[in-house]
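Based on the provided sequences and hints, a complete structural model is requested.
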Amino acid sequence: MIVERVLVVLYLAGCIGIGIAASRKVLASRDEYWVAGRRIGTFVNAMAIMASLASGGSIIGVMGLAYSQGIPATLALFAGAVLGFPLASLLVAAPLRNFGRFTITDFLAFRYPSAWVRSLVPLFIVVAFTIYIVAQMKAAGITANALLGIPYNTALALLTFVFILYVSIGGMIAITWTDVIQGVLMLIVVIGTAAVMIGRVGSPLEIMAQATAVAPELGQVTHRPVSGYLGYFVIWATAIPVIPHIVMRVYTAKDAMSARLSLNIAMLAYSVIILAACLAIVPVGKIDFPNLVDADQVFLEVVAAEFPAVVRGIAVAAVLAAVMSTTDALLLAVSSAIAHDLLGNLLKDRATEATLAAVRIGSAWVVGGLALYWAFSPPELISEFYTAGIGLLSASLFVPTIAGLWWKRANRTGGIAALVVGATIYALVQLGVIGFGTSPILLALPASALAMVLGGLFGPEESKEMLERVSALHESPQNERP
Amino acid sequence: MKQFFPIRRSEVWVLSFLVAFSVFSFLPIWRTQVIGGMAVFGWLMAALMLVSPALALYVFIRKS
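So the sequence lines, in the order shown, correspond to chains E and S. Read in order, the letters of the first sequence are residues 5 to 486 in our numbering. Read in order, the letters of the second sequence are residues 5 to 68 in our numbering.
If you are wondering where the hints come from, they were derived from the structure by calculation, not from laboratory data. Every residue gets a Cβ at the ideal spot worked out from N, C-alpha and C, and that includes glycine. Possibly wrong hints are sitting among the right ones.
Taking lysine-lysine pairs in the BS3-like style, the calculated list, with each CA pair at most 27 Å apart, reads [said to hold, decoys possible]:
| hint | chain 1 | residue 1 | chain 2 | residue 2 |
| --- | --- | --- | --- | --- |
| 1 | S | 67 | E | 412 |
| 2 | S | 6 | S | 67 |
| 3 | S | 67 | E | 258 |
| 4 | S | 67 | E | 468 |
| 5 | E | 412 | E | 468 |
| 6 | E | 412 | S | 6 |
Taking CB as the label site, the calculated pair distances span [to be verified]:
| hint | chain 1 | residue 1 | chain 2 | residue 2 | range |
| --- | --- | --- | --- | --- | --- |
| 7 | S | 33 | E | 162 | 47 to 53 Å |
| 8 | S | 40 | E | 310 | 20 to 26 Å |
| 9 | E | 440 | S | 14 | 49 to 55 Å |
| 10 | E | 162 | S | 10 | 48 to 54 Å |
Footprint (simulated), chain E over chain S, 3 or more residues, beta carbon under 8 Å [to be verified]:
| hint | stretch |
| --- | --- |
| 11 | 18-28 |
| 12 | 50-59 |
So, in structure tokens, the structure goes:
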């Protein structure tokens with residue numbers, strides 16, 4: 005494992021180096037720290053977005069899932085997130101980029117001015133994303149333990165220290181550049197492995213034919229009804245347009261059109277990774293290793309069987325990169341919810357820029373430290389929890405955001421009602437207080453929409469000034485109307 | 005439609021198509037139909053993953 009460990013150490017040192025280099029620029033400015041000065045180009049942003057979404061689950065998890073539950077069900081889980089990006093680019097990217105602030109809370113608090121919105125939205129983000137971070141940390145520790153032979157707690161502490169360090173001092177610029185490297189690494193490793201499989205066995209159709217001849221369940225929907233996946237599909241499709249670490253990426257784009265293009269380019273790249281994994285690597289893994297006890301090992305088994313140590317080391321680095329590229333973006337989003345959304349408004353008239361910078365850095369270390377403490381002994385069902393957390397964000401934020409951008413009758417009453425009703429219904433169904441029989445999101449979203457409509461129709465009309473300001477968000481040169 | 009801020013017609017079509025494609029893909033019939041060893045539902049999901057960003061990109065690039 006010496007070669008693998010050396011490559012991973014080099015990779016981690018590179019991440020820290022980027023953080024230190026970025027810190028010279030970002031620590032003195034909120035714009036630089038949270039949104040990289042709003043000048044990230046289309047392709048760089050696309051790669052960073054792709055890496056932010058593609059977690060460890062997108063390499064190890066997707067292949068394990070396809071191996072154990074079949075390819076159709078796996079694609080259904082990931083297609084929701086992919087669909088969410090075109091929706092985001094059509095519905096929120098241009099007006100939010102034109103809005104030109106830092107977080108989703110900034111927009112909602114502007115559209116529905118209220119202390120409730122200012123405090124509830126960041127609170128939901130902190131809760132949901134801290135769980136998400138713990139899940140990612142657990143994946144990082146397990147991966148490093150399995151691939152490098154390092155004890156779980158040691159690996160966890162080391163990796164966490166590295167990404168908290170470069171996030172806290174390097175902000176969005178450090179995250180962008182590390183994510184670009186991580187995204188390229190993932191693309192090369194997964195597509196390269198798939199290409200080798202195709203070269204060895206034949207086209208993806210031939211691979212599928214051979215694999216399903218020996219393991220027909222690989223191509224079937226056998227493990228649960230299709231409707232069981234509808235909830236996951238809807239959660240991710242509706243979460244992406246409002247999920248904080250993706251919205252922050254919209255704000256980093258150099259203009260509205262660049263934001264829209266980068267979201268979709270990112271998803272094309274992400275789709276290629278998922279499809280290469282599911283339609284080339286997993287079927288070959290099923291043919292060569294039909295009886296794996298731990299399905300999550302299929303990718304590593306294929307790589308170990310096909311490639312020399314150096315390539316295996318790069319593959320290990322790619323898996324860790326996938327975990328870290330998501331976790332760093334999540335950490336910055338939670339830090340922004342605390343340091344910008346909650347504390348920033350309290351401190352803005354009283355604190356110097358140096359104090360605000362200290363708050364930003366401190367927030368990242370506190371959140372990262374707490375998540376690390378929890379990750380040392382994480383709950384077994386942490387993956388279920390974080391999907392539930394994302395569902396909470398989707399249930400509470402999707403309707404107020406979309407309506408706030410597009411519906412002229414959307415008002416403060418409707419916005420707060422949609423936020424609270426969506427979150428409450430989702431939590432009650434998720435906790436079993438309300439029996440519903442399928443995914444809570446399928447009840448919470450319509451309830452949130454109904455609350456918005458009733459509030460909008462029966463509450464006070466929105467002021468002309470607010471409507472003019474929202475209208476202006478739709479009227480940049482990049483977003484001209486026909 | 006005066007209750008809504010204006011949106012380009014081409015973007016409305018893309019949105020409608022994506023929603024319709026998603027609903028169509030989740031129809032129960034596709035669960036049991038198999039092509040090339042895989043349920044049609046799986047192929048539809050794979051197609052959705054490529055078509056949805058590609059279609060949106062096409063619309064934006066044409067516009068720009």
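Hint by hint, here is what the structure shows:
Pair hint residue 67 of chain S plus residue 412 of chain E holds up; C-alpha atoms about 25 Å apart against a cutoff of 27 Å. Between residue 6 of chain S and residue 67 of chain S the CA atoms are separated by roughly 24 Å; this keeps the pair inside 27 Å, and the hint holds. Restraint check for residue 67 of chain S and residue 258 of chain E: the C-alpha separation of about 18 Å stays at or below 27 Å, so the hint holds. Restraint check: the Cα-Cα separation between residue 67 of chain S and residue 468 of chain E comes to about 30 Å, which exceeds 27 Å; the hinted pair is violated.
Proximity of residue 412 of chain E to residue 468 of chain E is assessed by CA-CA distance (about 10 Å); at most 27 Å being required, the pair is judged to hold. Taking the CA atoms of residue 412 of chain E and residue 6 of chain S, the gap is about 8 Å. The hint holds against a cut of 27 Å. For residue 33 of chain S and residue 162 of chain E, the hinted distance range of 47 to 53 Å is satisfied, since their beta carbons lie about 51 Å from each other. For the hinted restraint 20 to 26 Å between residue 40 of chain S and residue 310 of chain E, the CB-CB distance of approximately 24 Å keeps it satisfied.
Range check, residue 440 of chain E to residue 14 of chain S: Cβ separation about 37 Å, and the 49 to 55 Å hint is violated. A beta carbon spacing of about 52 Å between residue 162 of chain E and residue 10 of chain S agrees with the range 48 to 54 Å that was offered as a hint. Counting residues of the stretch 18-28 of chain S whose C-beta lies closer than 8 Å to any C-beta of chain E gives 4; at least three are required, and the coverage claim holds. As drawn, the stretch 50-59 of chain S meets chain E at 8 residues by the rule of a beta-carbon pair under 8 Å; at three or more, the given contact holds.
The structure fails to meet hints 4, 9 from the earlier list, while all remaining hints are met.
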